[in-house]
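**Q** Each chain, written out:
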Amino acid sequence: MRYEAVIGLEVHAQMMTQTKIFCGCSTTFGADPNTQTCPVCIGMPGVLPVLNSRALEFAVRTGLATGCSIANYSRFARKNYFYPDLPKGYQISQYEHPICLKGHIDITVDGETKRIGITRIHMEEDAGKNIHEGAGNYSFVDLNRTGVPLMEIVSEPDLRSPKDAAEYMKKLRAILRYLGVCDGNMDQGSLRCDANVSVRPVGQEEFGTRAEVKNINSFRFVEKAIEYEIRRQISVVEDGGKVVQETRLWDSAKGITESMRSKEEAHDYRYFPDPDLVPVIAEHAWIEEIRASLPELPDAKKQRFITDYGLPEHDAFLLTEERAIADWFEDAVRAGGQAKSVSNWMMGDLMRSLNDENRTISECALKPEQLAGMIRLIDNGTISGKIAKTVFDDMYQTGRDAETIVKEKGLVQISDISEIEKAVDDILAQSAKEIERYRAGDEKLLGFFVGRVMKTTKGKANPQMLNELLKKKLSS
Amino acid sequence: MLDRREVTSKNIIDSVYQRIDAVEDRIKAYVTLTRDEATGMSHAADSRLAAGSHGMVTGIPIAIKDNLCTKGIRTTCSSKILSNFVPPYESSVTAALADQAYVLTGKTNLDEFAMGSSTENSGFHTTRNPWDIERIPGGSSGGSAAAVAAGECIAALGSDTGGSIRQPAALCGVVGMKPTYGRVSRYGLVAFASSLDQIGPITKNVRDSALLLNIISGRDRKDSTSAPVEVPDFTANLGQDIKGLRIGIPQEYLIDGMDPEVEAAIREAIKQLESLGAIPVEVSLPHSGYAVATYYLLATSEASSNLARYDGVKYGFRAEGKDLMEMYMKTRAQGFGPEVKRRIMLGTYALSSGYYDAYYKKAQQVRTLIKDDFEKAFQKVDLIVTPTTPTPAFKLGEKTDDPLQMYLADIFTISVNLAGAPGISVPCGFTTGNLPVGLQLIGRHFDEATVLKAAYAYEQSTPWHTRRPVL
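Residue numbers (my numbering), protein chains in the order written: chain A, 1 to 476; chain B, 1 to 471.
Calculated from the structure, these hints are not laboratory results.
Ideal placement from N, C-alpha and C gives every residue a C-beta, glycine not left out.
Take these hints with a grain of salt, some might be off.
In silico lysine-lysine, DSS-like type, Cα no more than 27 Å apart, as pairs [unchecked claim]:
#1 K263(A) to K361(B)
#2 K79(A) to K341(B)
#3 K395(B) to K341(B)
#4 K79(A) to K362(B)
#5 K271(B) to K376(B)
#6 K330(B) to K79(A)
#7 K79(A) to K314(B)
#8 K222(B) to K79(A)
#9 K129(A) to K330(B)
#10 K102(A) to K361(B)
#11 K314(B) to K129(A)
#12 K254(A) to K242(A)
#13 K129(A) to K322(B)
#14 K79(A) to K361(B)
Covered, in the sense of this in silico footprint (three residues per stretch, anywhere, with C-beta under 8 Å from a C-beta of chain A), are these stretches of chain B [stated by the list, open to error]:
#15 83–89
#16 182–193
#17 219–226
#18 312–319
#19 342–352
Could you build the full structure based on these sequences and the hints that come with them?
**A** Okay, structure coming up:
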């Protein structure tokens, strides 16, 4: 029998606000334990939460960018459970009345575009961290993260393959980064993903029993963990068993998911509206103000790159995945670089160098105007494409202009025909045997002559002129 | 006298402490006496008075219920679980008093976490009623009410979730006011039931309540539920006549089990108001019968969540356990008293999956109906008048074995919290056994001014507020 997977993702995104969601503490990552806390976020008696309006704005931005409707009435609720990293004994979240409802994200997998529904987006506070290392028989608790604002973005079960899920995550991350609401860093935990996975025979309408896979803590594990879980469920069913509803943990070292708790062991969170916070009433005018301030999003930008710059879809997609890269591209084009050439240099040498060094484009010494300048030198024949590679490497390392490098290293192309002719004649005078073979039909030897001349001219001979001259002389 | 510099703040606090030394053994109003702090604060107050930069409570000795956080001063909620808790922050109401250099006499006793009507649920000791030390002072702000009645302070702050200011004020023969929900910031009030809790004054007369209310009222950015509503000068209308004021008498409040002497005192008080020019109007609050049940679902639900933070991990009492679960269970089993545990269990149950709709949600719906009752009644009248309690102060231990009987002590006050309206209790007579009876006046939302005006007119036309217990 053939099976189909049904996948829905619950994504937690840390919002990049300066301060926590219900108090004024800093959200900076990596401070000494419990230094970014106050009576409010550590849940002392008698203190009260006050909503950070910036967090609300970020959630609304995200909702608008994913086509959600923004609830004009939303509420915070308490999710009650005991755990040392949860100082109040409840997490302030949203339950019955989330801020955003019914949106979507479009993804493209194997050339086919699909619309993935977003069920809801709600705001909540993050918990702290329990630390078990180095504490002997005790555990430590670090509450710096407690109260950092999160958005939970819940998708519809519209994903059908691990690849769908990976593409959805990529697209969601791109949108969050474009909006400047989340840095999208899965390794640091600022973007987290839980997957609800079930399988069913192809053609069956109703869903199979689902398992929730938690702890998918890196981008490359999204596909792997879901792939594993699908295989596991199919083999359970094929062995005549039944998939049980449960929560499973992804173990990245072993590459498997393991049962964490069954449905019977699930917590009863006893949600109820938080009486310490008033309902959030989002005014229409305010929502429209935020809508008007939204940046151009990846899909729209990709379309525009295709239309305005005549780029192939593949180029446009890669260049618009990250806003900083798209901006860099447009700056280079604005500075006079020919669009397709800029795209080629960026997607080739530039991305490769950045990836090798694990740097972002904003950390790059090379500026867009400088790439445009180099491309101009190629276009006007000052340097050859081959020489340009050398120039590029220098620019990338030092951040100097192409012209400066070309001048200093004497890399200007030789386009003086008499100078090239002299070099050609010198080589031909030493190569009687090769000339004979060439004339006998071994035309591949042209490369040999080109190489020899390039060597004596240090690669600066105008390749086109050299080729034409050699052919003419050899055939005469 | 302070204004005229005839006495100093130091003189006053010394005399208050003399009184405390004389009677506190018998009353036990306080959990913590802050003699040293009070001396320092009185010197600061005297400097302010000398500099002429003083306010209405500069140098005045005020007692604070021990569920209001005071920076650097132990705040216990009369619970073992917080017996060693010293807050590193100040509640907004005490900060407002401190701005005017008040003098803190001490932290007063309460039913543990404000859960009770007699202070018998205190984790430390029971406070006695100054009118008869064999009787309870009411609760949960029993310590504050007893301290005011016994002259162990000039005024006090309490908190009121279902009657916890008005009921002990009535039973101790003093004035107690619960402001409109949202009028006073709850920041620093250790939460019992967040949607019902309000802080208010307990004083010897109505004017003092108005003065204190002036200071503690107003929007506070630290409390999202504090209302952005303008605060009038609550003393401005005191002394105005109440001719033509329509006072509603709800028929539902003449219940079985009402003490005949209390009923008689209330009828007399209504006549007195009438003689001052008020017009009695019969009103109906048809859902009153559901108030106690509704309250005990909502308040316990919120409490079960509010008290989850006392888990032994961060502060307060911790019992040792072999693992995390055992530490949690032992800490909470040993740290909380029986009434607190009863309410946590009730609330946990009411919020559980499968029961939420039948209990919590239904109770919220009834709460809306009760609120509507009041709104409808206030279309016809300016105030509603009821007894504060169905009986005078009962004997120690009389109701401790019967929580339901105990819960009925708040039957007239609970609806007011559910509706969010302001209410005051003023002394309106004494039983033949010389026990005080309280009259409750309830007003429209944010119309404390009318409540205080009528209470003042009544008080000034009767002798009850001038009587003091003999100790």
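**Q** Quickly compare the C-alpha distance for K254(A) and K242(A) to 27 Å and report which way the hint goes.
**A** holds, 24 Å
**Q** Check the hint pairing K102(A) with K361(B) against an upper bound of 27 Å on the C-alpha distance.
**A** Distance of about 26 Å is within 27 Å: holds.
**Q** According to a criterion of three or more residues whose C-beta lies within less than 8 Å of a C-beta of chain A, is the stretch 219–226 of chain B covered?
**A** Our answer is that it holds, as 5 residues pass the Cβ test (under 8 Å) against chain A, meeting three.
**Q** Tell me whether the statement that chain A covers the stretch 312–319 of chain B is true, taking a Cβ distance below 8 Å and needing three residues at minimum.
**A** holds (count 3)
**Q** Between K129(A) and K322(B), is the straight-line Cα distance small enough, at 27 Å or below?
**A** Answer holds: K129(A) to K322(B) is near 21 Å, not above 27 Å.
**Q** Compare the distance between the alpha carbons of K314(B) and K129(A) with 27 Å, and conclude whether the hinted pair is satisfied.
**A** Satisfied, since the Cα-Cα distance of roughly 14 Å is no more than 27 Å.
**Q** Would the hint linking K271(B) and K376(B) be met if the CA-CA limit is 27 Å?
**A** The hint holds at about 24 Å.
**Q** Does the structure keep K79(A) and K314(B) at a Cα separation of 27 Å or less?
**A** holds, 20 Å
**Q** Is the hinted pair K395(B) and K341(B) satisfied, with a Cα-Cα distance of at most 27 Å?
**A** holds, 24 Å
**Q** Counting residues of the stretch 342–352 of chain B whose CB is closer than 8 Å to a CB in chain A, do you get three or more?
**A** holds (count 3)
**Q** Given the hint that K330(B) pairs with K79(A), test it: the Cα-Cα distance must not exceed 27 Å.
**A** Holds. K330(B) to K79(A) sits at ~23 Å (cutoff 27 Å).
**Q** For the pair supplied as a hint, K79(A) and K341(B), is the alpha-carbon distance within the 27 Å limit?
**A** holds, 20 Å
In the structure shown, no violation is registered for any of the earlier numbered hints.
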